[in-house]
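Going line by line, the protein sequences match chains A and B.
In terms of UniProt numbering, the first sequence has 1 at position 1, counting the first letter as 1, and numbering is strictly consecutive.
In terms of UniProt numbering, the second sequence has 217 at position 217, counting the first letter as 1, and numbering is strictly consecutive.
Don't read these hints as lab results, they were simulated from the structure.
Each residue gets a CB set at the ideal place from its N, CA and C atoms; glycine is no exception.
One or more of the hints may lead you astray.
[Claimed, not checked] Computed from the model, here is a short list of chain B residues facing chain A with C-beta under 7 Å:
hint	residue
1	S24
2	V30
3	L31
4	L34
5	C148
6	A150
7	P176
8	V177
9	R209
10	L211
11	A212
Letter by letter, the chains look like this.
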Amino acid sequence: MHELSVAQALVDAVESLIEQNGARAARRIRLRIGPLAGVVPALLTSAFPLAAAGSRCERAELDLIEAPIRVRCQTCGAESEAAINRLLCAACGDWHTQVVSGDELLLERVELDLQEEPQEEPMETLNYGSPP
Amino acid sequence: MCDTCGCNLTPGNRQFAYKPVEPSATTVSVLKGLLQKNDDQAAHNRAHFDARGILALNLMSSPGSGKTALLEATLAALKDEFNCAVIEGDLETENDAERIRAQGVQAHQIVTGTACHLDAHLVHDALHHMQLDGVDLLFIENVGNLVCPASFDLGQHLNVTLLSVTEGDDKPAKYPVMFRAADAMLISKTDLLAVLDDFDPAKAEAHLRELANPAPVFRLSAKKGEGLAAWLAWLREQLTAQRARVAQGRTRLPKIQPDGVRLHTA
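Excised from the complex, chain A in its bound form (with noise of 0.2 Å):
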């Protein structure tokens, strides 16, 4: 399974979205998956702290938006909701049909921290240890 693959790709481009706005860190990412992309949200869910360990997405939470799987009719031009493995169309039955929604998988929205990076305490009040 590749999933791991695609949560590096995920870490990646959130990491990069940090970077542009200045931001400190990511702290909740939207996905929307379709059925049809062949990536398993409960596996993407597990392969994402393994991903993002170390990185600024570190403790960003994920929200994965399971895209239902519809189709377009070429027929008789009906839009319908359909079954990953038949894709008919719910009107006329007809099989010429095109995936509207259902195949996506996509980073639609990231909430990112703003947060100035806490100031480093000065160094002597660490050095509790130090001869006088």
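Starting from the structure of chain A, add chain B where the hints point.
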């Protein structure tokens, strides 16, 4: 359902569950495909193929459905007509590449170790070991697996998915992501249909149509040389179409490209 873990959130009430963004935070909207790096590399690979007028095909199937045997029969029939090259993907061994080289055809083996699919970067590295000038047809034999290979664009123009009659005829219904990505479906090992009468090629084709896939279906036996003519004719047609596209400065994306993403980013 419980109120603590969030499992009672539905698409209908989800918006109420979000806390407003705190003053120290900002929200950016992105709508970006997560396989962007792979897809960029794939586009780069495809540009290499188009610049040389090469038609690139990605062969996908379960292990043992006869991809290498199909290539051997195809190359035997076409190698005097066209300049062919093959990229082989397997977890271990050079066995398949050696079978292709025995035909006098250039082959490069990608040994993936434990990776269950090829990606655009692996294919790009392989291209650096190959002589592409003058090549007409490039076959990329993906790792035998009906799941992961369907999610990665390699830079090919066409996907060919094999289904052997020793498997179930309901494979397209069980592995919809893979079979939806097929630009052609090959029912292989048809010489065994006489003894494996529980595989119905018509049912396999019906399951493919239920995935809204109009791809042509070819029934053939590489071992016995049956049904190859229609497949070879399709390859010739596709190469002609590729040359026409290249002449007009256009390219062709394989069916693997998700339509939904395109509609979202349009």
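Okay, the hints, checked on the actual structure:
no., hint, in the structure
1, S24, "holds (5 Å)"
2, V30, "holds (5 Å)"
3, L31, "holds (6 Å)"
4, L34, "holds (5 Å)"
5, C148, "holds (5 Å)"
6, A150, "holds (6 Å)"
7, P176, "holds (4 Å)"
8, V177, "holds (4 Å)"
9, R209, "holds (5 Å)"
10, L211, "holds (5 Å)"
11, A212, "holds (4 Å)"
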